[in-house]
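Asks: Residues per chain, in single letters:
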Amino acid sequence: MNSLRIARAALRARPAALRMPLQRRTYAEAATDKIKLSLALPHQSIYKSQDVVQVNIPAESGEMGVLANHVPSIEQLKPGLVEIVEEAGSSKQFFLSGGFAIVQPNSVMSINAVEGYPLEDFSADAVRAQITEAQKVANGSGSEQDIAEAKIELEVLESLQAVLK
Amino acid sequence: MVFAWKSAGLTYNRYLAVAARAVRRSLKEDKRVAAERRGEMDLRFAKWSNGKQGEVKSLAEANAAITKEAAAGSS
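Here the protein sequences line up with chains A and B, keeping their order. Okay, so the first sequence: first residue is 1 according to this note's numbering, each after it adds one. Okay, so the second sequence: first residue is 1001 according to this note's numbering, each after it adds one.
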């Protein structure tokens, strides 16, 4: 349905396009090498369908980089660092607590997570203190659930400590 | 792929909540205070039958009990 509409629009736009010099890049052409990224948390949207060049995500199936025209896919994210290469070539890094990344057709990408902060917002001391605490619980004699939760915390904290260095 | 937390009866929702809590606690002091309020949850529920309200229970405690049962059932 959608493609039909696009085809019709293209037919209508053609006479105008033919009159233009051939080398001229239109917005639609220039935009094809960009990803429209939305990075959303329950309480804030960090990116709102913004054009970016590349997004590197820590998927459960492995680290992956996403460029424009990527195959549509759904990836579960590990707690880890998401790197976003913006149009100007600068890159931004956010530590996400885990969630999902969805690559849609037409270079549209959405990442959903519960918590996400830039690296400079983290305190290495707080991470170290929590690791000691979580290790105590994980090796202690608590219930199976307490130990499992401590191991989740360790996974998050160790990933965070690795990127903070 | 089987996750360790899954065999302990934890749901994905619980996994995300625990991971998010760890991230919030790792923040610098000023941000942490603002963020930690998001992690608070205090819901209570009661089952109504025959027009009468049953015992009011905490959702968090009820969830913990179900988690234990799920772990016992799977192992």
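If you are wondering where the hints come from, they were derived from the structure by calculation, not from laboratory data. Model, not experiment: these values are computed from the prediction. Beta carbons: idealized from backbone N, C-alpha and C, even for Gly. Errors might be hidden in some of the hints.
What the hints assert, rightly or not - Cross-link-like lysine-lysine pairs, in silico, BS3-like; alpha carbons within 25 Å at most:
hint : chain 1 : residue 1 : chain 2 : residue 2
1    : A       : K92       : B       : K1006
2    : A       : K136      : B       : K1006
3    : B       : K1057     : A       : K165
4    : A       : K136      : A       : K151
5    : B       : K1068     : A       : K136
6    : A       : K92       : A       : K165
To be verified - To be clear about the criterion: a stretch of chain B counts as covered by chain A if any three or more of its residues have a C-beta under 8 Å from a C-beta of chain A, and this derived list gives those stretches:
hint : stretch
7    : 1017-1028
8    : 1031-1042
9    : 1045-1054
Asks: State for each hint whether it applies.
Replies: The hints, checked one at a time:
About 33 Å separates the Cα atoms of K92 of chain A and K1006 of chain B, which puts this hinted pair outside 25 Å; it is violated. Distance restraint check for K136 of chain A and K1006 of chain B: the Cα-Cα separation of roughly 21 Å lies within the 25 Å cut-off, and the hinted pair is therefore satisfied. Straight-line distance between C-alpha atoms of K1057 of chain B and K165 of chain A comes to about 45 Å, which puts the hinted pair past the 25 Å bound. Taking the CA atoms of K136 of chain A and K151 of chain A, the gap is near 10 Å; set against the 25 Å cutoff, the hint holds.
Our distance criterion of 25 Å between C-alpha atoms is met by K1068 of chain B and K136 of chain A, whose separation comes to about 21 Å. Taking the CA atoms of K92 of chain A and K165 of chain A, the gap is near 16 Å; set against the 25 Å cutoff, the hint holds. As drawn, the stretch 1017-1028 of chain B meets chain A at 12 residues by the rule of a beta-carbon pair under 8 Å; at three or more, the given contact holds. By the rule of at least three residues with a Cβ nearer than 8 Å to a Cβ of chain A, the coverage given for the stretch 1031-1042 of chain B holds, with 4 such residues.
With a cut-off of 8 Å between beta carbons, the stretch 1045-1054 of chain B has 0 residues touching chain A; three or more are needed, and the interface restraint is violated.
Going through the hint list in order, the structure does not satisfy hints 1, 3 and 9.
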